[in-house]
Amino acid sequence: MPLPSQTRLLAILALSLGVSLQAHAQTATLSGRITDPAGQALPGANVLVVGSSIGAATDADGRFRIPNVPAGPRDIEVSMVGFERVRRTINFVAGQVTTLDVQLAEEVLQSDGVIIVANRREQRITSVPVSVAAMAPEELARRNVVSLDDALRHISGVQVQDNQISVRGSSGFAYNVGSRVLLLIDGVPLLSPDTDGVPYEGLPFAQVERLEVLKGPGSALYGSGALGGVVNLITRTFPTEPTTMVRAFAGAYEPVRYAIWRDRWDGADMPRPFAGATVSHARRVSERFGYWVDGAFRRSAGYMRLNEKTLVQTHGKIGWNPNAALRLDVLANVLWRKKDDFLFWNGARDALQPGSLAISSSSEPSGATDNESNQISLFPTLTHVLSTRLFYEIKTRVYAVGVRPIDAAGNVRTYRDGTYGFRFGGEYLLNWNPGPGRYLTGGASVDANSTRSSFFVSADGDPIGNQPEGAVFGQWEQTFGKRIQLVAGLRYDLYRIDASDTVTKLSPKLNFAYSFTPNLTARAAYGQGFRIPSLGERFVDNRDFFPIVRNLGLRPEESTSYELGLRGLLAFSERSDALVDVAVFWNDYWRLIETRFIPAASAFQFVNLIRARVRGGEASIEASLFEGVATTRWGYTYLDARDLGAGEPLAFRPRHMLTVSADSRFGKRYDAGFDFRYASRPESVNSDFARFVPDAETLIDTRVLDLRAGARFGQLRTLLILRNALEYYYMERPALLAPPRHLMLQLQLDL
Amino acid sequence: MRTRCFVVILATLAGCDHGLEPPDRDAVGALRGTITYTGTWPSADSLFDLRFVGMRFTPRDTSDFLQLNRMVISSGLRRNVAQDTFFIDGIDEGVLVYNGIAEKFGPGILDWRPAALFAGDDGTILIREGEIATIQIDVDFSTRPPFPPNAAP
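Same order as they appear, the protein sequences are chains A and B.
The opening residue of the first sequence carries number 0 in numbering that gives the first Met the number 0; numbering runs sequentially from there.
The opening residue of the second sequence carries number 0 in numbering that gives the first Met the number 0; numbering runs sequentially from there.
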């Protein structure tokens with residue numbers, strides 16, 4: 000957009016700001032009841048004053064009440080998943096109560112109700128011109144998801160290799176260093192400042208509205224890290240009625256089947272327990288203020304030696320509407336964790352014990368590390384609605400991480416012996432809807448990252464690494480008639496790396512969608528992604544524990560993605576439908592970073608090495624049968640992942656991945672379901688890794704079945720989960736045995 | 000109908016095997032060694048560790064010390080003694096082609112060099128299933144073998 004238009008836009012913003020601050024001087028009240036076609040109450044329907052953040056959800060009797068509606072003509076929108084949206088214009092008179100009763104008509108196709116924000120604005124999943132998957136909070140609850148990997152394992156095309164997320168083969172594994180998938184929480188990036196790793200556990204799963212996965216590069220909107228995809232966790236808003244939830248679970252890993260594994264570690268002869276509890280409370284205190292807060296505790300004895308973990312964390316979110324046009328949300332998290340990291344086994348005959356580098360002087364196993372860590376985050380977001388067509392958000396973020404090593408005697412060392420880092424910054428985001436079918440999303444962001452680690456030697460020789468960054472981005476979306484949708488985006492990023500180097504990157508995207516019918520859409524997508532190397536990859540330098548040297552010349556990884564897809568809603572009857580998606584994709588990667596042994600340095604080093612290509616296809620189906628009594632989700636992904644430089648398969652990637660889930664209700668009280676996932680054996684591993692880790696090339700297919708059965712007795716819900724029910728031993732990544740069969744009982748009390 | 004579907008799916012899946020099994024390694028043998036020391040022992044600050052190391056390959060440089068999967072390594076040996084012994088069991092059968100006593104002379108993880116090489120049977124050790132191979136190594140700290148093996152002494 001040329002500069003004069005931007006100036007005009009700013010003038011509109013400023014003018015509207017003044018108008019909106021005066022607009023709430025006189026207000027009215029709206030109340031009413033929302034019902035279905037049969038006249039039955041619809042609890043949970045949303046009633047919204049369009050162009051503002053004022054609204055309410057209906058109660059158990061379908062009733063709602065919205066005070067403080069600005070006087071004058073206003074559009075009111077009533078919506079609920081599974082029903083057609085209704086919009087009415089009402090002329091509100093100051094001081095009066097207006098009644099609105101609405102009977103919603105059912106939508107024939109119910110699966111279309113899923114809303115996603117992959118394009119930085121809310122859209123129905125059928126109209127998004129990219130590959131995206133979503134998971135609802137009830138799906139997280141019935142799997143007892145307490146960590147991000149627990150959820151992602153069940154999404155098609157996504158693979159979790161212990162602690163590395165791979166979307167359509169984008170990642171191998173590197174101990175969660177340099178994630179090629181960006182994690183967002185409410186749209187705010189959340190990668191650790193030291194290694195750009197994903198914080199799997201510091202997330203408020205009890206307060207999730209939706210989990211989304213964008214498959215393919217997302218750098219045109221989100222910048223570095225979105226090389227292979229984006230995971231976005233959206234937290235819920237505040238309920239009209241106060242809710243309190245207490246959820247507790249306990250279970251145990253059963254002793255492994257093979258005596259040779261048990262014999263080498265005394266702890267393997269008995270069940271290894273784990274347990275946890277979450278308490279959460281949410282309420283809307285007034286029409287202007289709401290909050291939720293939760294606290295969680297978890298403890299696991301682990302199923303391997305030196306694999307224990309204890310975690311305490313709390314999350315909170317407040318929302319404040321000082322007037323109809325302004326909204327402030329603040330999301331905060333504090334976490335404390337003590338855990339052993341099991342790095343690699345002592346061989347396939349001693350799979351429950353960490354291995355050792357026999358040439359190191361340490362008498363302790365070097366295949367495990369012990370540490371205590373803290374995490375604090377604070378994400379305030381200000382939303383200002385300027386008109387029914389224009390609003391902007393100002394998002395700021397502070398994310399701090401500290402890790403203190405624990406020595407062989409069990410003493411917790413200082414932060415100076417470990418790592419502490421900060422990531423902080425802000426973003427301005429403008430959403431403008433100039434007319435029907437046209438949307439402009441644009442903004443700018445500034446962030447800084449500063450980390451001190453005893454393992455870092457930065458460019459100037461000190462242990463502190465810095466990486467400030469800035470970006471401007473924009474996206475234009477246009478629909479032509481009812482059939483054609485075009486989205487074009489561009490982002491310019493600038494990174495300054497430890498005052499020694501400046502990196503810039505231009506990331507374009509182009510999406511095209513053609514709707515044959517309202518329920519059948521074809522799409523074509525092109526996008527570029529990139530990832531700036533983390534401070535850890537550039538600066539880690541240590542020879543005591545493991546010979547590794549820094550690489551100040553490390554360059555960004557880059558990707559280009561092409562995709563063709565078809566998404567459709569199939570209605571089997573008025574009570575059953577399915578969302579079907581098929582896609583083929585072609586992703587090219589340049590300068591992928593791997594650890595390699597450098598003979599000249601007699602040490603390992605992170606190096607730009609790999610020119611890779613990942614091609615493939617994906618098919619998925621999500622069906623809702625008998626008005627939601629039964630649901631099922633199937634996904635199959637085929638990957639052809641090649642290391643073009645070496646002319647061989649790309650390490651750690653499977654060729655076939657399959658996920659199957661099904662759930663069904665039995666009467667009003669009982670339900671049961673299962674998840675099954677399959678991944679074929681990776682065709683190769685990093686040969687340097689296999690040099691010193693025993694049996695690192697031992698690989699096997701993944702075939703895991705999880706079973707669950709639940710019952711609800713009033714406010715109490717019980718859930719029994721049997722994970723890895725087939726007692727199948729496998730590895731999600733080399734030299735690490737995945738969890739054996741384990742049973743858990745979850746109790747949830749909704750007050 | 001739904002119950003039947005569940006039963007069919009579960010019955011199909013229950014037919015799966017149990018995945019990874021501990022590898023069968025019956026074909027293993029053992030090695031017993033006797034070491035005699037002559038010459039002046041290095042000072043404590045230049046001798047960090049001492050072990051028998053057997054390799055299934057001939058190393059090219061110190062970086063090959065990281066090929067741990069192709070090596071047999073004893074526990075730490077005693078220092079400042081005239082004679083010592085070691086015993087290693089569970090060794091996969093086959094030939095160890097480059098064998099000797101390795102000394103760690105510095106704090107770095109690759110600060111290793113040979114103090115002496117096994118000289119009998121052309122320097123190779125044959126590990127046979129169920130048998131214990133015995134070797135004798137003489138260490139003279141005043142005369143260390145060259146390393147890499149093809150380097151001049």
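Please note: incorrect hints may appear among the correct ones.
One side of the interface only, derived from the structure: several residues of chain B facing chain A at Cβ under 8 Å [as the list claims (entries may be wrong)]:
| id | residue |
| --- | --- |
| 1 | 20 |
| 2 | 67 |
| 3 | 68 |
| 4 | 87 |
From chain B, some residues computed to sit far from chain A (all C-beta separations above 10 Å) [said to hold, decoys possible]:
| id | residue |
| --- | --- |
| 5 | 19 |
| 6 | 40 |
| 7 | 41 |
| 8 | 43 |
| 9 | 54 |
| 10 | 61 |
| 11 | 66 |
| 12 | 85 |
| 13 | 118 |
| 14 | 119 |
| 15 | 121 |
| 16 | 134 |
Note that these hints are calculated values from the structure, not bench results.
Ideal Cβ positions, reconstructed from N, Cα and C, are used throughout, including at glycine.
These are the hints, each one checked on the structure:
no.: 1; hint: 20; verdict: holds (7 Å)
no.: 2; hint: 67; verdict: holds (4 Å)
no.: 3; hint: 68; verdict: holds (6 Å)
no.: 4; hint: 87; verdict: violated (11 Å)
no.: 5; hint: 19; verdict: violated (4 Å)
no.: 6; hint: 40; verdict: holds (18 Å)
no.: 7; hint: 41; verdict: holds (15 Å)
no.: 8; hint: 43; verdict: holds (13 Å)
no.: 9; hint: 54; verdict: holds (12 Å)
no.: 10; hint: 61; verdict: violated (6 Å)
no.: 11; hint: 66; verdict: violated (5 Å)
no.: 12; hint: 85; verdict: holds (13 Å)
no.: 13; hint: 118; verdict: holds (23 Å)
no.: 14; hint: 119; verdict: holds (24 Å)
no.: 15; hint: 121; verdict: holds (26 Å)
no.: 16; hint: 134; verdict: holds (19 Å)
Checked against the numbered hints given earlier, this structure breaks hints 4, 5, 10, 11; the rest are met.
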